[in-house]
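K.L.:
With the hints as extra help, turn the sequences into a complete structure.
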Amino acid sequence: MSHRHLLLAAILGAGLVTATAQADEPIRLAVDVPYEPFEYKLPDGTLTGFEVDLGNAVCEYLERECRWVEQPWDGMIPALKARKFDAIMSSMAITEERARQVLFSEPYYTTPSAWITANGNDIDLQDRDSLEGLTVGVQRATLQDRYVTDLYGDVLDVRRYASADDVVADMRTGRLDLTFMDYPIAEATIDIDTADSDFQRISDFIKEPETYFGQGVGVAFRHRDRELAEQFNEALQALKTDGTYDEIMAKYFSYDVKL
Amino acid sequence: MDALMNWLEARLADNSIFTLQTLGYYGDGLVTTVQLVFLSLIIGVVLAVPLAIGRGSKKAWVRLPIFFYCYVFRGTPLLVQLYLIYYGVVFVEGIQETWLWVILEKPFVPALIAFTLNTGAYTTEIFRGAIKSTPRGEIEAARAYGMSWGLMMRRIVLPSAFRRALPAYGNEVIFMLHASAIASVVTLMDLTGAARFVYARFYAPFDAFLFVAAIYLCLTFSIIFFFRRLENRLLAHLRPAGH
Chain G
104 MSHRHLLLAA
114 ILGAGLVTAT
124 AQADEPIRLA
134 VDVPYEPFEY
144 KLPDGTLTGF
154 EVDLGNAVCE
164 YLERECRWVE
174 QPWDGMIPAL
184 KARKFDAIMS
194 SMAITEERAR
204 QVLFSEPYYT
214 TPSAWITANG
224 NDIDLQDRDS
234 LEGLTVGVQR
244 ATLQDRYVTD
254 LYGDVLDVRR
264 YASADDVVAD
274 MRTGRLDLTF
284 MDYPIAEATI
294 DIDTADSDFQ
304 RISDFIKEPE
314 TYFGQGVGVA
324 FRHRDRELAE
334 QFNEALQALK
344 TDGTYDEIMA
354 KYFSYDVKL
Chain D
26 MDALMNWLEA
36 RLADNSIFTL
46 QTLGYYGDGL
56 VTTVQLVFLS
66 LIIGVVLAVP
76 LAIGRGSKKA
86 WVRLPIFFYC
96 YVFRGTPLLV
106 QLYLIYYGVV
116 FVEGIQETWL
126 WVILEKPFVP
136 ALIAFTLNTG
146 AYTTEIFRGA
156 IKSTPRGEIE
166 AARAYGMSWG
176 LMMRRIVLPS
186 AFRRALPAYG
196 NEVIFMLHAS
206 AIASVVTLMD
216 LTGAARFVYA
226 RFYAPFDAFL
236 FVAAIYLCLT
246 FSIIFFFRRL
256 ENRLLAHLRP
266 AGH
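Sequence lines, in order, name chains G and D. For what it's worth, the numbering used here labels the leading residue of the first sequence as 104, then goes sequentially. For what it's worth, the numbering used here labels the leading residue of the second sequence as 26, then goes sequentially.
Treat the hints with care, as some may be off.
Said to hold, decoys possible - Each computed DMTMM-like pair below joins lysine to aspartate or glutamate, with the alpha-carbon atoms no more than 20 Å apart:
id, chain 1, residue 1, chain 2, residue 2
1, G, LYS144, G, ASP156
2, D, LYS131, G, ASP135
3, G, LYS184, G, ASP135
4, D, LYS131, G, ASP280
Since the hints were derived computationally from the structure, they do not count as laboratory data.
P.N.:
Next comes the structure, spelled out in structure tokens:
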């Protein structure tokens, strides 16, 4: 096929796809599965998870039909631009670089971080003088590392590890008095806050300030679909206030991810 | 000193990465690296001399354990040894209740032990080679003088072996300096640890690592210079006449 024919085909094709983005067409939402508990499949093959439930709730609110499209992560943004689907709802954190490529909704969740120590350690984070000389483990180059270094670097002895597993290993040996960790990771690697666990959370779930913890996760759209993005924002806002969001959140998390 | 600090601060005023604080990290890192490498080399040499002599012993119960030690520590990566000593030592039953834990709790001593044992193994092999290549004539001459084994070792074999080992040992010192870059995996803030910190902080890999590479180059250059001087002095007899 000559280049001219290719171009013609592309223009025709584009026309066809634009036609499918009309209001009565289903909204196609992309996810990369599995990413528990945000999106995964039940044994019978049905798609489920926090983001899937939330997305369905949004569509219900908008009274539009939704279809879920599975797309591997590395081709996510190109596929959105190529109109394989209309929005990405797959735990995509809002960053400046991505925002140049796609249009983000308001953030709809973020994972909190928390301070963790061994049971029986009496540590008061508010009383800075009492923290003098205590050791805290963080995973190197994470936002938790930045947060602790900036806010507690003058009193705590900050030890930086290559992986969360190394931090946990030294928590168990007692080399570390404290750790500041992404809570879902902490929950997966250390046994915390259960009846017979050796470790406990000693702070609130920390998600702010934004300079350290980022803006959270948003739904990504094509820049031209501003209208659809605004409908999503409105719907998400409504779900957050009417309790639907909390209901879905409680189904998947023991902690607060709301933004 | 204050004047110097002020001058430095003025120099750095419009540099967003190399502030006094980050230079402080690099400074602390330099101290840690030099301490770690210097101490492990000193202890390593002290270990290596008797081991190198024992390595050439006719008695199997002396020779074989030393051979085994060298084989294990030269045959496994230093990174693995460091992991084993830092994380593995914890699995020794009851160690946390003994005085040993006081020194093993901090990352410095485990790293020092790993580095010392590693350089000790290499240095043993370097010295053994040098001792083995002692010219036959020197040994025969010493025997002809009626020297005891100890005296012969002290006066004849070891001094000439040290000289012969010097160029190879200089290399080992440089290797050790570069190998010490892995210390940051057990949370030590050595030079590389400082560079990784600055990199993660400012997302500036080139600035952070080029700067630390320059420091390593300076250190290496000093080592080369020191050994060159030492070789010139100790190996003067090997130079062609007239120079």
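K.L.:
Look at each hint and say if it fits the structure.
P.N.:
Consistency of the hints with the structure:
no., hint, verdict
1, G/LYS144 - G/ASP156, "holds (12 Å)"
2, D/LYS131 - G/ASP135, "violated (42 Å)"
3, G/LYS184 - G/ASP135, "holds (16 Å)"
4, D/LYS131 - G/ASP280, "holds (13 Å)"
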